[in-house]
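The listed protein sequences correspond, in order, to chains C and Y.
With my numbering, letter number 44 in the first sequence gets 44, and the count goes up by one each step, no holes.
Every number in my numbering is 354 more than the matching position in the second sequence, counting from 1.
Treat each hint with caution, since some may be false.
Stated by the list, open to error - Quick partial rundown of chain Y residues pointing at chain C, CB under 8 Å, derived from the structure:
| # | residue |
| --- | --- |
| 1 | Tyr381 |
| 2 | Ala396 |
| 3 | Val405 |
| 4 | Ser407 |
| 5 | Ala409 |
| 6 | Ser468 |
| 7 | Ala548 |
To be verified - Quick list of the computed label-pair ranges, beta carbon to beta carbon:
| # | chain 1 | residue 1 | chain 2 | residue 2 | range |
| --- | --- | --- | --- | --- | --- |
| 8 | Y | Val388 | C | Trp224 | 28 to 38 Å |
| 9 | C | Val57 | Y | Gln583 | 45 to 55 Å |
| 10 | C | Leu66 | Y | Asp597 | 20 to 30 Å |
| 11 | Y | Asp597 | C | Thr42 | 50 to 60 Å |
Think of the hints as simulated: they come from the structure by calculation, not from any bench.
Note that beta-carbon positions come from the ideal geometry of N, C-alpha and C, so glycine has one too.
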Amino acid sequence: MPERSAEPVPASLGDSLADGFDGRDESLPPADWGRPSGPRRTATVWLFAVFIVLLGVGEAWLSDRLTNEAFLAWATIFTAISLQAMPFLVFGVALSAALTAFVPASFWQRVIPKNAAAAVPVAGAAGAVLPGCECASVPVANGLIRRGVAPAAALTFLLSAPAINPIVLVATAVAFPGQPEMVAARFVASLGAAVVVGWLWARFGRTDWMRPQRVHHDPGATKWQVFADSMRHDLMHAGGFLVVGGLAAATLNVIVPRDWVIAVADMPVVSVLVLALLAILLSICSEADAFVAASLSEFSNTAKLAFLVVGPMVDLKLIALQAGTFGWTFVRRFVPLVLIATLVFSFAIGGLLL
Amino acid sequence: MNRIAQGLVLVLLGAASLSATLATDLYLNYVQEVFRPFLIGAGVVLVVLGVVSIAADVRVASQGGDAPEDHAYDDYAHAGHGHDHGRGPGVAWLLLLPVVAVFVIAPPPLGAYSASNGAAAEAPKEAEEGGFADLGTNGDGPRTMELQEFVMRAWTDQDRALSGREVELTGFVVPHPDGKGWYLARLQMACCAADAIVNRVLITGEKEPAKDTWWTVRGTWQEPKGELQDVRDHRFTVTEMKDVENPPDPYE
Numbered sequence: 001m002p003e004r005s006a007e008p009v010p011a012s013l014g015d016s017l018a019d020g021f022d023g024r025d026e027s028l029p030p031a032d033w034g035r036p037s038g039p040r041r042t043a044t045v046w047l048f049a050v051f052i053v054l055l056g057v058g059e060a061w062l063s064d065r066l067t068n069e070a071f072l073a074w075a076t077i078f079t080a081i082s083l084q085a086m087p088f089l090v091f092g093v094a095l096s097a098a099l100t101a102f103v104p105a106s107f108w109q110r111v112i113p114k115n116a117a118a119a120v121p122v123a124g125a126a127g128a129v130l131p132g133c134e135c136a137s138v139p140v141a142n143g144l145i146r147r148g149v150a151p152a153a154a155l156t157f158l159l160s161a162p163a164i165n166p167i168v169l170v171a172t173a174v175a176f177p178g179q180p181e182m183v184a185a186r187f188v189a190s191l192g193a194a195v196v197v198g199w200l201w202a203r204f205g206r207t208d209w210m211r212p213q214r215v216h217h218d219p220g221a222t223k224w225q226v227f228a229d230s231m232r233h234d235l236m237h238a239g240g241f242l243v244v245g246g247l248a249a250a251t252l253n254v255i256v257p258r259d260w261v262i263a264v265a266d267m268p269v270v271s272v273l274v275l276a277l278l279a280i281l282l283s284i285c286s287e288a289d290a291f292v293a294a295s296l297s298e299f300s301n302t303a304k305l306a307f308l309v310v311g312p313m314v315d316l317k318l319i320a321l322q323a324g325t326f327g328w329t330f331v332r333r334f335v336p337l338v339l340i341a342t343l344v345f346s347f348a349i350g351g352l353l354l
Numbered sequence: 355m356n357r358i359a360q361g362l363v364l365v366l367l368g369a370a371s372l373s374a375t376l377a378t379d380l381y382l383n384y385v386q387e388v389f390r391p392f393l394i395g396a397g398v399v400l401v402v403l404g405v406v407s408i409a410a411d412v413r414v415a416s417q418g419g420d421a422p423e424d425h426a427y428d429d430y431a432h433a434g435h436g437h438d439h440g441r442g443p444g445v446a447w448l449l450l451l452p453v454v455a456v457f458v459i460a461p462p463p464l465g466a467y468s469a470s471n472g473a474a475a476e477a478p479k480e481a482e483e484g485g486f487a488d489l490g491t492n493g494d495g496p497r498t499m500e501l502q503e504f505v506m507r508a509w510t511d512q513d514r515a516l517s518g519r520e521v522e523l524t525g526f527v528v529p530h531p532d533g534k535g536w537y538l539a540r541l542q543m544a545c546c547a548a549d550a551i552v553n554r555v556l557i558t559g560e561k562e563p564a565k566d567t568w569w570t571v572r573g574t575w576q577e578p579k580g581e582l583q584d585v586r587d588h589r590f591t592v593t594e595m596k597d598v599e600n601p602p603d604p605y606e
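Okay, chain C solo, but in the shape it has when bound (with noise of 0.2 Å):
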């Protein structure tokens, strides 16, 4: 008698037992369904208590033994460019995501031209209506190009509005008393560099250097939801990397010995550039840059605009920032032609103005 079954014969019960349960496979949930999340849950606040208890530690017993002067005035910088940007990037952040809860993308078709090269000066003449500094305006540009305005002009208002904003201009000019060439100048410059950029990526710029921000909200999620959702996203990409400015920006400060600085505040051509390089390493915030320039007092006209054109739109923090929102490949392309961009203005403007 031929031995013939339907199913072929398990080879013990163990193997029949798995047939069983992968046969069941598709209507199981995935095996990590639920199950990491609930210990790793745990496992971060537990973490986070010991880390709350180490600061508690710390500030008791390794306050008062910390005495290098060096490192604590790196560390008194450090605090204050992450205490004075905090609050900008958190009104940045907060408006970006209202941009992004709240206003119908139709609005933003409405209000901006359809045609990149017009919607590019558009939003630069936009930048000198919103007072923010360069933290701010890197979450807002992304908030935009996320409502459907065109890469070119939302970057153009990023470069803009920290340079330009009445806020800025107004400080330059108590900065530079009696001289209100110096405000001319700079709102010229920063505006031209600005909208070339903008001219410029709207022609050549693809949208695939720049990380995806299009971002899928449960459909059911209220718009406070998608604001907090929102807002708490970008507070973790920007604000991660604006400390990673804040540490390079720091170091620098303490570092840099201020007499290589006055040492080449004759040479015509190269005191632009090395003021140029020092507002790129020091990343002050552009409300403030205007009375660091005016105590630049060796350097030539044409070098401290240099340094007030070159610092709100190129900076170690900002780098940082536009890293960690549209990715290195972004930056990669664009830092370059900003560079480019603000020299060429300093230079042009400083010769005509100045």
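Start from chain C and add chain Y according to the hints.
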């Protein structure tokens, strides 16, 4: 970085901002006084946002589910070049550094170290005509001035009204690099400590007090012989000096 960790980071960051402004005056070591309401506002927003994030996560967990955002439902995440919306990037852990800086290090205001290495205020290029505050006369008693006001006046007032006028200045002691006297200095901050520049007067007639100690000195400006703007450091003749507790706002 999962959602609950992000929420906790936000709460801690907000707490650092609130503790430096509401519980203590620590923020004055780093930024201008006008920043206080903005720091408080940012702190409150961060704490609220953090609590909302944690609460949402816990609510989803208690319903037996996983936070929906923990599954990549951003289309681009599947394409391999996007980021998952629910999970934070690793770099966000760095947001704990300012928290450590405020709670553990609590860095002191910049002092003599930065004043000897940082940027010193320089003579402005143009002299100003008039527009100066009336200094009164010595009969009115000594005039209290900020160091910043004093050195600017000394550099720019072609009428040299400061000459002979008794003035009171407050600042901290910075050693002279060559040991020829010492500086009474004060840091001037436009926005935050990163842009601080130092205003200082050179004192040669008095024995040098300990570095970084604060003094109020009374005396007069030593009028220079040549052009005002060629002066590197203005000199000050001290008639009387007394030590002071650190003023509440260390910067001018």
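Hint-by-hint comparison with the structure:
no.	hint	in the structure
1	Tyr381	holds (6 Å)
2	Ala396	holds (4 Å)
3	Val405	violated (10 Å)
4	Ser407	holds (5 Å)
5	Ala409	violated (10 Å)
6	Ser468	holds (5 Å)
7	Ala548	holds (5 Å)
8	Val388(Y) - Trp224(C): 28 to 38 Å	holds (31 Å)
9	Val57(C) - Gln583(Y): 45 to 55 Å	holds (54 Å)
10	Leu66(C) - Asp597(Y): 20 to 30 Å	holds (25 Å)
11	Asp597(Y) - Thr42(C): 50 to 60 Å	holds (55 Å)
In this structure, the hints that do not hold are numbers 3 and 5, in rising order.
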